[in-house]
Structure formats: C-alpha cells, structure tokens
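Student: Residues per chain, in single letters:
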Amino acid sequence: MYETNYHRASSVADAAATFAKGAESKFLAGGQTLLPVMKQRLAAPSDVIDLSKVQEMIGIEVSGDTVTIKAATPHYDVAQSDAVKKAIPALANLASGIGDPAVRYRGTIGGSLANNDPAADYPAAVLALGAVVKTNKRSIAAEDFFKGLFSTALEDGEIITAVSFPVPAKAGYAKFPNPASRFALTGVFVAKTKSGDVRVAATGASQSGVMRVAPIEQALKANWAASALDSVTIPASGLLADIHGSADYRANLVKVMGQRAVTAAG
Amino acid sequence: MGVEGIGARVVRKEDRRFITGQGRYVDDVKMVGMSYAHFIRSPHAHAKVKGIDSTEAMKMPGVIAVLTGQQIVDDKVGNLICGWAITSKDGSPMKMGAWPAMAPETVRFVGQAVAVVIAETKNQAKDAAEAVVVDYEELPAAADIKAAIKPGAPQLHPEAPGNIVYDWHLGDEAAVKDAFSKAANVVTLDLTNNRLVPNAMEPRAAVAHYDQAEEHYTLYTTSQNPHVARLVLSAFYNIAPEHKLRVIAPDVGGGFGSKIYIYPEEMVALWASKKVGRPVKWTGDRSEAFLTDAHGRDHVSKAEMALDKDNKILGLRVKTHANFGAYMSLFSSAVPTYLYATLLSGQYVIPAIYAEVIGVYTNTTPVDAYRGAGRPEASYLIERMMETAARQLKVDPAELRKANFITAFPYQTPVIMAYDIGDFHASIDAAMKAIDYAGFPARKAKAKADGKLRGIGLSCYIEACGIAPSKAVGSLGAGVGLWESAEIRVNPVGTIEVLTGSHSHGQGHETTFCQIIAERLGVPISQVSIVHGDTDKVQFGMGTYGSRSLAVGGTAIVKAMEKVEAKAKKIAAHALEASESDIVIENGEFKVTGTDKSIALPMVALAAYTAHNLPDGMEPGLKETAFYDPTNFTFPAGAYICELEVDPGTGKTSFVNFVAADDFGRLINPMIVEGQVHGGLAQGIGQALLEGAVYDNTGQLVTASFMDYTMPRADDLPSFQLSHTTTLCPGNPLGVKGCGEAGAIGASAAVINAITDAIGNNKLEMPATPDRVWHAIHG
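Residue numbers (my numbering), protein chains in the order written: chain A, 1 to 266; chain B, 267 to 1045.
Extracted from the complex, chain B is given alone in its bound form (with noise of 0.2 Å):
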C-alpha cells in the first residue's frame, strides 16, 4: 500500500542524524558532576593478583577512588552469569567457574579488569591508574585449545577440572554408526574455524548515574538488549531492583552479538556511582574492545560424512571443540550446542547425524555469539564437506547438492529443527545463472592462460533466526523466554509511536518498522516514531539479536496494529453510523465500503481521547499492547557463489564474481536487506580471506590492534551481485525470515570452496591469507 509500505525502498529515516554527526551515542551524554573511570587491566594471561597498593595514586590530582575486585567482592555484587544451561552426556550440568566484574584473586586472561581508578578527567584517571602497583604471582597459560586439553596442562577454575565446561552431544550415535557401516563412499575433513574480534564501530560506553534521592540508578550503556542488561544487573548482580534501575541504549554503533552481554566495567560503573556519589562515564577504547568485547567462533572439528554408492548422504558424525575463553559470557554457552549442531543438516536429506560438542577453557579473552553465532561454524563444516565429497567422487558439486536438497516441507531433520519451508532448487539454481556457471570452465581455462589459478566456490547455508518457541528454548536450557513486545500509541491528533521491545544498532528498524504501519493503515511514515532502547519508556522486551527483531518483534508490532485496528474500527463504525464490518482502512482513512463516507485517523483518535461519543461500554485511548510468542524458528536460506583468482606468484586472492541468491520470504524494505546482506558478506569474506585473532603461547593477543588485525575494506571486496528466491514464512502474518546474519553464515565456505578448487590442494585454513594460499600451492 503507497511508495512508503511493504517493498518500498524507503530511505532510511535514522541516517539524516546518523549522516549529519547528529547521531547521540553513549560518550555523548554528559552530566553534572560526571567523574571517568579507567580500569587497571591485567598483563597476564594467567596469574594471582597478591596484592594492590593505590597510595601512591590516591594522591594524584583528581583522583576520587580506586576500586578494587575485592571491594565489588565484599559489596556482594553477584559474579557474571551464563544464562543457558547446558546439561553433558553424562547427565552432568556444565562447570562453570567465577566470573566477578573485577578479580579479586586472580587474572584469566590479559585484559582482565582488576581495579578502577574514578577521577576528575579521564586523563588523570589514566595517569593515577600507571600509579597503581599490582603484585601479580604468574601462572601457567593455556592459550589455545589443546594447550588447555593436553594432560598437565594449566587449570583454569577448580570447579572445571581438565578445563572441560561440558561434553554435550545431540543425535543418534547408533544410527549414524549403521550408516558409515553401508557407506559405500567415507569423507572426512578437519576443519577449523577461526577466531573473530568483533570490532563494533563504536567501542562499548557507560554511563552510570545513582540519585540518592530517589535511590534511583541510570545507566546509559552500549546495549542490543537494554531490558535484559536491566533484569540481569538486578535479578543476579544485586545492583539494584528493576524499578530502582533505568537503562537506556541510545544509538549504538553495530553490535553483531558484542553488545548482548552485559560486561564487568558496565556493572562496575553502575556500583561505582553509588560508591563515589558521582555519576561515572566509561568508554571503552580499541585497545580494551580487541582485549575485552567478547570474541566469536573459534572451534576445532572433525568431520566425517557416509554416502552410499548413489551419492546420497547416509549420516553425519562430528566432534567439535569449542574454546570459550577464561569465562562463560552471556549465551556462550548455547552457542556452540543450540545453535550449532541443530544446523549440521544443512540443506540436505541427512537421515543419522551425531555431534560432540566439547566446551572448553583457556586464558583467552571469552566467547560468545557473534553475527551468526554457531550457524555460520555449521555452515562452514556441512558447505565444506559437500565439496570436499564432491570432489573424492568426481562429481559436479553443485549436482551433489542437488541431489541431496531436501524438496518436501516441512522437514524433520534428525537434530531437533523442523524446517517450515525453503526451495533450495531455486536458490542455486539463480545462483549458478548469475554467475554462468556452465561457461566457468572456459573462463578458467582463460585464466590459466593469463598465468592466474581460477575457482569457484559454492555454499548453500541454512540458518535458524527468530531464536524460539520460548517453552521450548526454556526446555533446552534457555534462562529467558525469547517472545518479542510492542506498544502501538495512537496520540490524539492521530500521529503514531510503535514502541518496541527490540534494539535498533545499524539494522534500519525506525524506517523498516513504520512501513509495516504505512502498509496497514496508508499513512505516510512521518506521521510514526519508532520507541526503544528505553526500560523507562518501553515495556518489557527481549532486544536484537539472531535476525530476529522483524520476525519476532515486526510480528508484535503487527499483533498490536490488529488490535489498534479492530478499537478504531468500532469508533468509526459508531461515528459514520455503520456497521464495523463494512469499514476498511484505506491511505489514513476509515471507509464505510462501497460509499463515499469516511472519517480520517486523527478524528478516530481524537474521538478516542476526548470520550464525547464512543460506543457504550468502550473505554476511551487508542494503545495496545501485544506479546508474541513464535511457534518456530524462521529459516532463511539461500545459495552463494564465488568465483575468484588465485597469483601463484604471492599468492593472493582476487574477486571475479560474488553472487548471492537468498530466501528471506517478504521484504519490508529490499535496500536494507541488501545493506544487511553487503555487510554480513563483508564479515564473511573477512573471516575467509582476512580476520583472524591471534594468541601467542603465553596467552598475549597479538592481534589486538588493526596494525595486525586485518578488518575487511572495500578494496578487499567485490561488488556483489545479489537476488532473492521467496517461499513465505508459514509461522507468521508476515512472511518474514530476518536476513541480518546470512551472509556472514554462508559467504566463507564459498571462498575457501573456491581458493581450494584453484589451487587444488583442499587443505587450507581461515583466514586464507595470502602467506597461507602460496604456502597450499608449492607445499
């Protein structure tokens, strides 16, 4: 309905502010009487705090306090949660050590807070925080996986003896036993997937203001989920009850995952305004987010697949370890089991499929999801065995996937998701026209010719967005229900707010939110505002994460417009002396079908407010609120393609072609989900060619700056050259799938598909850097 509804491409409405450098961002709030904080972090990767000593710092102008882990210790400020629980094999639960905002015993992982200096400026709490003198007793690191698995190694937390947080699994072990017993074909594959820092434009930020007055906190934060960093900070830190604390997370600058958790220095600011009676303001540096913001990926796999003599896939085994880090963040622990291991089906007919999974501590920065969050390791591991299958059988690989898709909906693979609907067909097959697959050889033969290596790489990922049914992510372990809210207030002159439970940090919600009111009720999107971010003003709500902000919290919205609907329909009915059923909303105005009378919105509303006439019984205002609770995850999908060269010479990769062909059932605004898909290809291809953390043996982060830590600019990327497939979401009024995560999901298999399938050796790791591809070709 209009320019402005569902399909439009609507400019954003955020990116005038955004654009202008009007956009207010937490170090952008300023108070009277502020103080700065600057935490004194650990240089060890491992070590026993013996003792602090801030006498001489205490001394140091401006200096009003440093807080010690101690203090926040004695103050009974409650250790760092993990909110999901998952249960090993054994039946036992998961082992988790302590995790208090500041180390009062000892260090984990360098970076680790131990004190905070609050002083005047932000200057002199930096120079008072060199004056501080902590006495650390060094310890072992285990600084990667098998450092932290080896017999001896150093233990990290007496409650997780051989550093093992859980060895969970999912699947039938019998069944895919008996199904390598009938292969006639066995493909295995040892896989990696590397370790991301998230690098968030906008480095973390709070600023924590306790009224003693009121006894009252605020704290504006760096949140995708201010309600949850609300419920979290109250119900298990003990910093205040949810009434007394107010969070707000104004703009936020990109997220993917980093920004769900609710970190130390965010609880410690909140504690330290009450201590020093001064609001606090922390902001984080590049420095402190490469060491602190929690990382993302980082397993070690082994994957073997059975086939029969058809190539038909007969089972799936799996076992993967998962480093989580010094500490269990937020959701990590769900991470690698949840969101995981129920995706190893791929797009394929899979009838065993068994998964270990392996939790596992080192003294390294912790991990949690980031931008995919488990979906796109499973990706990775299926999308690379599928080629890898491909070429043991000489076969064509896209004919493999063919002929392995699943094509009947809806679909129960053997680890617990049901996939509602998908033509996979479809996905590839755009794919491959996109980018001629047929004439692909001719073109390799061409660059062959001109001394370069030519590949081409498929991926066709699954995912699951829309984290849910609440009842049963709570069965599995989940600590939260992951429904979605919203508040549709229609004001008295007819204009209207939709606030929402969800968090908008880059993903375009104040644009995308108001078509699906432009669509129902034909009013222009100027006339809506889009509310959040806000416990003061919002009601109650999960946030943004997993794509699932329009799926789950677009749905509520369009829950509460049917109820703001049906309310304003009977005022209309009364006021036009007609019967509520003939009335149909058509460009603002409520319409007596099949005449001419009408009466436009902001007479309905004002009927609403002022009361004069409304039919008997009804109660005056026009707001409603809706909870919805999904009955399934969504479950985009889609095919990508890659075709790139190889220099022999330095070995370098060069883009040709990049093509994607997704299925996001509808699209409200076809230019933000481009947008969203260019970016998460971006974050993609930079996990495939480019990004990758690095620890040394002792545990030092060696790529803890963008001197070494390579980010994805836009010379290292090709254009790309997207189109959309479309089967409509079942589970809800919209057909909607969420589309924020795929392309990170999908696009690193086809990368590395395509150097391998250049170079011709299949051993390669992420990042495939140039160093690492020349290496592959002459051994």
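The following block holds chain A by itself, in its conformation from the complex (with noise of 0.2 Å):
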C-alpha cells in the first residue's frame, strides 16, 4: 500500500470539505474494494476519508410505503432488520447473500452503489424497484444513476447519504454466483410495485453493467408466474462472457434466476 492521508469524517459536511482538500481524494465506506486495491498498489489516493462513523449516514427508517437506508448501513443490519424484512423481505434476503459474513460486517449499501461493480447485488434491487439515491447535493432515480461498469452519475466529491426503496406489492431475488468470487455471476431482483407495474433487473449479465430486461416484464406484466417466462428468449448479445461463464450461459441465466426469483416474491 502507498502512503495515505486517513481521516475520519464526522459528519457529511465534514467528509465533503475534506474531500475537497486533498489532491487526489477518496471515500472509504465499508472498505470492502477500495481496500484491496490500494493493498495491490492499484490505487494510491491522497486522502481516505472514511464514512464509516458518520452517524446521520447509517440506520434504516421505514415511513409510510417508503423503505429508506441511509449510505453507511452495513448489509448485515439490512439483512437482519425486522423492518426491512417485513417491508421488501426481497432486499433483506439480497443483502443477507452479499459476500461472506466479514464482507456483510463492514460493506455498505452507499458503497455497494458508488463502485457500481457489474457483478454487485444491490444495483439489481436499486434500478428493479426503482429506488431513490439521495446525496449530499441532490437525489437521483435509479434510471439515472448507473451509467456503465463502475460508473455512476455521482460527480466528484458527491457524497450518497441514503437510499429510498417505494416498498412493493411483491419483490424477489435470486442469484447465481460465481464460483470463485461469490459476486452474482448473474443475479435478478423483480418487483411488481402497488400499481400494478413490473420492473425487472439483472447484474452480473451485462457488459454495460446492470440492466433492466424488458422480455421478462413484458411476459411478467402478462402473467406475474414462474412458468410465465418458460417461453421467453435473453440475447446473448452484449452480455459478459469470461472463464466462469459465456454470454450464452448467462443469458440462460437470466432467465433461470428471474423465473427463480418470481418463485421466490410469490
């Protein structure tokens, strides 16, 4: 690792304008890639200044049909949340799969987003249940924040603070993980919110990140069954293709885990 300027945020007004200090700055929320990488030498920031203890960042508040978590939530306390799991048990159950226990200790769902990995699990409930990402200056639809692998709206020194889910009338998940990983090699969340609209979306599938798949709402819009998408196609095209799976596999994918995650929703 490369010499570093660590600094504890108390707040997240403090975290922005000492963000704005240094040279060549990063956030550090749960740590959970940012730290393996610098440990790799492959990224050499100027200043951490990590969101881990910034208290108005971390909790879950449920109100009214809204599930909001606010950035530096652990998974472990989603998954284990009793308002989480009566209202979306479906982001309960996601969070409660998300890498190995340590992992689930320490990573956050600010975290999770801001790296936007292709193969990260949150990204799917974000964008299928069309959640809100609330900032230090703005919020932004789900529609609107992935923009590709690793990539998001955010800009430079824009901080997520929470999270708001519409809570659903049914909501699933299912993933296929990597073998060597863990990641979701794919995973789907589908949502059939209150009125009536069916949202759909995969990670680890696409080369342009996560993605919704409109062939599977259509089908689920028509029919909210399993046995519904029996007939349905994925593309091949445009999906990821690697040693652990081609384009072809994770469109079957696609749609085995969808069909899996409908069974799961109910």
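Heads up, some of the hints might be wrong.
Claimed, not checked - Far from chain A, by Cβ distances over 12 Å, these chain B residues were calculated:
hint : residue
1    : Gly543
2    : Lys668
3    : Arg709
4    : Glu763
5    : Ser795
6    : Leu872
7    : Thr891
8    : Pro914
9    : Leu956
10   : Ser971
11   : Gln987
12   : Thr1035
Stated by the list, open to error - In the EDC-like style, the derived pairs of lysine to aspartate or glutamate whose C-alpha atoms are separated by at most 16 Å in a straight line are:
hint : chain 1 : residue 1 : chain 2 : residue 2
13   : A       : Lys39     : B       : Glu570
14   : B       : Lys803    : B       : Glu763
15   : A       : Lys26     : A       : Glu3
16   : B       : Lys578    : B       : Glu665
17   : A       : Lys170    : A       : Asp144
18   : A       : Lys39     : B       : Glu439
19   : A       : Lys21     : A       : Asp50
20   : B       : Lys889    : B       : Glu831
21   : B       : Lys829    : B       : Asp913
22   : A       : Lys86     : A       : Asp100
23   : B       : Lys443    : B       : Asp319
24   : B       : Lys585    : B       : Asp433
25   : B       : Lys392    : A       : Glu3
26   : B       : Lys388    : A       : Glu3
27   : A       : Lys39     : B       : Glu396
Bear in mind the hints are in silico, worked out from the structure with no lab data behind them. Beta carbons are placed, not taken as given, at the ideal position from N, Cα and C, and that holds for glycine.
Each of the two chains sits in its own frame; use the hints to bring them together as a complex.
Tutor: Here it is, written out as structure tokens:
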C-alpha cells in the first residue's frame, strides 16, 4: 500500500470539506473494494475519508410506503432489520447473501452503489424497485444513476447519504454466484409495484452493468408466474463472457434466475 | 498398547500451538539488521531483457541494493536443476533449457524474476522496484501444449527443438497392437487433466543470513525437505559447502508438493545476504504464489482400450502430452513418466499396456509434483475409461470393474509396478454398501420427478507411495536415493527425542510418530518429542512427499527403536541380574518375565549415561540411528463412489453423498488419517468441479487470484462417509501404506463419472463448472 492520509469524517459536511482539500481524495465506506485495491498498489489516493462512522449516514427508516436505508449502513444490518424484512423481504434477503459474513459486517449500501461493480447485488434491487439515490447535493432516480461498469452519475466529491426504496407489492431476488468470487455471475431482481407495474433488473450479466430486462418484464406483466418465462428468450448479445460463464450461459441464467426470483417473490 | 499407542485417535500434539496462533513460520523469524527483498518480475510471457536501469531506484530511501540476473550469473551461482534424468524413445537424454535464478537475457513466463531490490523495509523495496526500468523486447509466446507443438511455434529454448523435452515410452507396443487386433470392442477417450495451482495456506518465504566470521549461511525456508534443499544449494548452486550451510524449515503451512523444490527466491536470498552483508527476508504474497509456485497436472491424453467378447481387458494404449511450463522444475520430469505411466494398470489385469509421453515446454509457470503427482492423472484416465467402456458395452460399471480386478498378489503389471497386496473387491463392496448402490435407480427416478438429474460415479484407484527402493529409482534416472533416516535419543531422565529426516507441514508427525514410540515402550506421548526440519539438528533425510513419511520414515523410527530396545534390554538384564532374553517392555518398564522384578525406563537411561554399572564392554549412552531403504513402493488402494444431482437450469452440481473405502494398511491414528483423506478429497473434488489454471493465448495467467481461481470451500463439499478395509503392507514392519494423497488421486474420476452419468453426455472436461455442465446438457 502507498502512503495515504486517513481522515475519519464526523459528518457529511465534514467529509465533503475534507475531500475537497485533498489532491486525490477517495471516500472509504466499508472498504471491501477500495482497501484490497490499495493493498495491491492499484490505487494511490492522497487522502482517504472514512464515512463509516458518520452517524447521520447510518440507520434504516420505514415511513409509509418508503424504506430508507442510510448509505453507511452495513449489509448485515439490512439483512437483520425486522422493518426491512417486513416491508421488502427480498431486499433483506439480497443483503443476507452479499459476500460472506466479514463482508456483510463492513460493506455498506452506499459503498456498493458508488462503486457500481457490474456483479454487485444492490444495483439490481435499486433499479428494479425504482429507488431514489440521495446524495449531499441532490436526489437521483435509479434510471439515471447507473452509467455502466464502475461508473455512476455521482460527481467528484458527491456523497451518497441514503437510498429510498418504494415498498413494492411483490419482489424477489435470485442470484447465481460466481464459483470463485461469489459475486453474482448473474442475479435477477423482480418487482411488482403497488400500481401493478413490473420492473426487472439483472446484475452480473451485461457488458453495460446492471440492466432492465424488457422481455421478462413484458411476460410477467401479462402473467406474474415463473412459468410465464418458459418461452422467453434472452439475447446473448451484449452480455459478459469470461471463464466462469459464456454470454449464452449468462443469457440462460437471466431467465432461470428470473423464474426463481418470481417463485421467491410468491 | 495403551491409550496413546497404535490405533488410538489421539488429539494432535501440534494443534495447541497452531490453534492458539503460536506456530512459528518463516515470516515470524526476525534477525538483527534484517533487510527485505522484493523481486521484479516479468509482465511478459516471453521477452528479451534488453537492459535494467536501477539508477533512480538506488537513490530512493532505504534502498541497499538492486541485484540482477547478470550479477548472479557473473557470481557463478548455478542454474536450477531437474533431478531425474529421463531418456527418450530414441535413447537421447531429455533436452533441458538453462534456468538461471534471475533471468539475465530471456524471460519465459509471466512472473519470472529479472532483478531483486533489497531495502530496509518491505515497502521501501516495493517502492524502489517500481522505479527500476526494465527494457523488454516482447517475443511471441506459446501458452499451451497445442500452441507449443504446432509447426512454426515460438521456440523457448535452443536446447529443445520443437519445444519437446522428451518423447518417452513405456510398455510393449507390439503386444498392445496384437491385443487390439484381437479385440471384440475398442473404447477411446480424449481427456484433459487440468492445470492446478497448489495454493498452500502459507506462501513461500525465506530468511537468509551470512555469518562473515564463520563463513557460514543460515536459511529459514518453507521447505518439505530441508536436507535436500541444502544438498542442492551446495552441490549444484554453489552457494556454500554443506557444512557451511544450515537450512531450517520450521512450521510450514502446507506444501502439497509445491515446497519440495528449491526455487529461485530462496537461492537469491542466500546469495544476496552475503552480497549486501545483511540478513535478507523474502515473503511471497499470494499473487507471487499464483505466478511462481510450481503448478500441477496439465496433461492432454488420448486413451484406447481393447476388450474381448467377455469384457475382459486385453490392452491399453495411451498417448499423453505433458506441459512442463517454461523450465524443468526439480522433479518434474519423473511426474508424467515414472509416477504416471507406471500406474496405468489401475486395479485391473491388463495384459498389455503401451504409453507414450511427450514433455512440452510452454511459456507458463513451471509444472511439477502436486498432491498425487502423476498418479491422479493415471487414475483419472483409467477410471474414466472403465466408466466409458461400461456405458459403451452396456454393462454395470461396478460389474465391469469387478470382472477385471487383480485378485492374486503379488501382481506384476506390464508397466514396472509389482503390487504387493490388496483386496479390491473388499473396498468396492464396502463402498457400494455404504452408498446403497442397489437403491440408486429408484433414487434417480425420484430425483427426475423433482426436476433434477441424478448420477452416480465410481472410481477404484490404486497408487504407489513411498517411492523406492533407492537402487531401483537410481536405475530409472533419479538423482537421489529415497530412503529415510531416524535417530532416537533416550535422554538420561528417560524422555525421548525422535529425530526424523521427514518433515511435517500439516501431516501430524508430532503425534503419529510419538504413537509408534508409545506403542513400543508404553510411555505417554508427552514424554516424546519429534525433532525435524533443521539440518543442524537432524541427520540427513529425504523429507516429506509422496505419502512416504510413515511407510519409510516411520519404519526408520522402528528400526532405530529396535536398536535402542536391544541395548536397553541388555542394561536392564544386567541391573536385574536376569537373562536378556527374559526382559519384556511393558508400560515404560523393563520386566523380567514371570517375576515381579522390573526397572523403569528412566533408571535404564540413567544407567546408560552414568555408566557406573554397565555390562562389560558396553559403550555408555542410549542413542541409535537407522537408515531405512524400502524394498518396494507401498500400494494404497480404494473405491470412491459419488452420488450427485445436476440442476438442468444452471448446470450446478450438488452432492448427495460421497463414500470412500480406503485400504491404507494399518492405521496409526485413524483421526489423522481421516483428516488426510478429507483434505485429499477436497483437492480431488476441487480439481473435478472448481479449480483450473487458465492462461490466455499471450501467456497471461487469467486465474491469478482467488477472484477467478476457485478454491474449494466448505460449502462446495459434501460430508464424506469414510471407511477402511485393511490388507497389511508386507513391505514394512508397521504394515502401513500411506494416506496423504489418496483422496486427491481417486476423487476426480468419481465426480466426473457421476456428472456424465447424470447428464447422459460423456464429453465433459475438468473443472466441470456450471457453464460447462450446462453446455454439455443443452449443447
């Protein structure tokens, strides 16, 4: 690891101010990506601003039809939250399957979304549920937030403070883990909104990062059942291919995980 | 004898320090004035080194030296050696390219070191390494066997035209041809035995110190065989004569073969310690382990089997290309030859066998012995052939095996090995009973109703452990003898130190070997210490690999104990005024049989060292040494059966059951044996389902971290159901055979046979990833 200046932020405002002072600052949330990369000398931030102890960024609130998860809340807390389990059980389930226990104690929803790893779990939930990403500067709709692999709408120095999820009528998540990394080789989140709309997002599959899956959405709008996807074909073009999964295999997984997500949603 | 003797499930003595974090590994060694080494490694698979500029690096804080490959050549440090000479079909010796510890002119695999930075801290060494400018001229690379042997392929070494190290054969080609001409059925199969990365938990490390006053070197290193390391460093690398070099392998966190070899980094650390006049520490990180620890397996084979109308095997023909990587590692040449082709008879009567093995250089990490070393490749081939034959002939795979089992021992195979003893029917029967083989069709039908594809696969392996005898392996080209040594020191107070030339890096020697002493003397194992891993303490020994430590090293302990006991009985008889032949040893006492007269071991030991009242002419002391050279290999064998389900939607495999019935001869500590089998099975299943080193066509290792190289985890594996059948090895007094590699040798074929049974498609390579299985199902 290269030498760096570590700062523990006391508030969102303090974090933003400290960030601005550094020549090449980086925010540190759970550190599940940034720290390994720094240890391998693949990143050399001048200043690391730790957000994990900022109290105003930790916690879960449910009000009416909205679940708000503050950005520095670790996955474990989301997985264990009775409020989340009650309102959006699929979201708690998703959080319970991220990485391993050590990752879940440290990793945060804000860190996951800001990093936007194409195989991360949370982006699928945010996009399928039509969540709103709140920052210290603005609110960003899920549609506008994800901009491709490891790329988001966040500006330099902008901090995710919370994510607000509308409570759906039904939702489910199913993922097929990469055998080595256990990230999602493909994960599919299906949601039926209270207004009857159907939104489906897949992670791990596309060369452009998390994506909506129109053929599945259309089939499920007509018939909310796993069997409704039997005749759906997902095109392999534009999908990722690597030693763990070819594009046609991933295309198959989008469909199969979509079916299993619907079954999980009930 | 007693609760801690042979057969007792004694908790491992060494675990207290391991579990409480008090193990002492090489990286725990700290010396006054210690400096740190960081290697500069080639990012290219094949390139000329045009120049190395360390001007800027030398100006950086804490930098002591930047040393290059040219300097190590100038200092006449020897090239790395391969210790087993193989002769090609045409009588020519194998063709070896030179392997300097750091490359002065040409790099031939990604990760090969070209220079080393020595600095005050590890971080300073890393910082400076980034400032060293290496001018490479890239060359085209041959990243796999196919690319290396095609016409016009990039040439790695001028010594090896066509990148061929050797073209070797074994067996009777004419007899095999004759067998095929008489065959009622012929079965053929193309197979790949996938390349594996050993991934011992502790990466390799070295701490080297040169004592100017004594002109003496000390090397702490992660070795499975410190004496062999010292011999090679002295005799071939010219680091120092043996009496001026001490090699210590303290606690070592796993080896699996990868720590047999003497690698460039350890050599460079020693050489550099004199050069800079400071102790030098190098601790490899995981990335370096992926790139530079010798890989395992990597065969491409074509197999053909001839059977008569009664389904008896008539002959077997095998042609294998073995990938050696860019250089010939220490024992690499023997692995696909004398440790592979000699086991191709499996558990079966095969009257004629002919095997050809072509060793190939590629621009990849060197390949050498890895848990099983040649025997997993042989076992996988023959056991997939048996399953393929059974399906083609439409007979039950268990019945086909049984009809061809060797049943009379000793049995001379057509490929050198003479199996001393075994009972293959006993192990397959035990395994079939354990898994309820007869009930499988009903279970398969039920699974089908649930939408799952269920399969069952057998693997009846035999292996050869305790490679020996020295005279025989010498005649086949080995550069070393494969005996083992032991020294027993009974101290004046009756405690016992056992010095063994074998080395424990997870095997539990500190417990198992004590149990042998406890059995013989009836003393608690707390009174016995096992000493190993230090060339200054222990007499020359050959180390630990090939499941040899108990069968060879344990027997040396028994032989030394026999000498100790003979002398102690004389002393006891003298003290008790009895006849030596009337003395028996019980519960730590020497007794006059049929009387109540006895003398305890500590009193005998004290008498030996005070020498006040010894029999006339007897030397004082109670310490004996034995060197034991076996008369044959040992032949562990067994039957593994795997039952699993495949999810047709994803191609994912889930285990239903995995049963193992092994014959290891006598078990000293069944708990330790079970642990060894569990670990071996995990690696065998890992090879079948998960692990595989992948290079791209430019020679970059794609699977260079755990993000892409799938190490088996607990939830990837079933709960194993183990059992043992026993035929005692007639070749050693303990009747033991060795258990360290069996799981890794037998498991992979059972898994693949089960998956191909489940999906009804025999075309499936390892690792059988969900992607591959799904494609095999759906085309």
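Student: Decide, hint by hint, whether the structure agrees.
Tutor: Verification of the supplied hints:
1. Gly543: Given that every Cβ of chain A is farther than 12 Å from that of B:Gly543, nearest at about 29 Å, it holds.
2. Lys668: The claim holds: B:Lys668 sits with its nearest Cβ about 36 Å from chain A, beyond 12 Å.
3. Arg709: About 24 Å separates B:Arg709 from the closest Cβ of chain A, which puts it past 12 Å; holds.
4. Glu763: Answer for B:Glu763: holds, closest chain A Cβ roughly 42 Å.
5. Ser795: holds (38 Å)
6. Leu872: Answer for B:Leu872: holds, closest chain A Cβ roughly 55 Å.
7. Thr891: holds (49 Å)
8. Pro914: violated (10 Å)
9. Leu956: violated (6 Å)
10. Ser971: At roughly 9 Å from the nearest Cβ of chain A, B:Ser971 sits no farther out than 12 Å, so the non-interface label is violated.
11. Gln987: Check passes; 24 Å lies beyond 12 Å.
12. Thr1035: violated (6 Å)
13. A:Lys39 with B:Glu570: violated (51 Å)
14. B:Lys803 with B:Glu763: holds (11 Å)
15. A:Lys26 with A:Glu3: It holds: about 13 Å lies between the C-alpha atoms, which stays within 16 Å.
16. B:Lys578 with B:Glu665: holds (11 Å)
17. A:Lys170 with A:Asp144: Distance of about 23 Å is beyond 16 Å: violated.
18. A:Lys39 with B:Glu439: violated (56 Å)
19. A:Lys21 with A:Asp50: Since the Cα atoms of A:Lys21 and A:Asp50 sit roughly 14 Å apart, the hinted pair holds (cutoff 16 Å).
20. B:Lys889 with B:Glu831: holds (10 Å)
21. B:Lys829 with B:Asp913: violated (61 Å)
22. A:Lys86 with A:Asp100: violated (23 Å)
23. B:Lys443 with B:Asp319: violated (60 Å)
24. B:Lys585 with B:Asp433: holds (10 Å)
25. B:Lys392 with A:Glu3: holds (12 Å)
26. B:Lys388 with A:Glu3: The given pair, whose Cα atoms are some 13 Å apart, holds under the 16 Å limit.
27. A:Lys39 with B:Glu396: The given pair, whose Cα atoms are some 15 Å apart, holds under the 16 Å limit.
When each numbered hint is compared with the structure, violations occur for hints 8, 9, 10, 12, 13, 17, 18, 21, 22 and 23.
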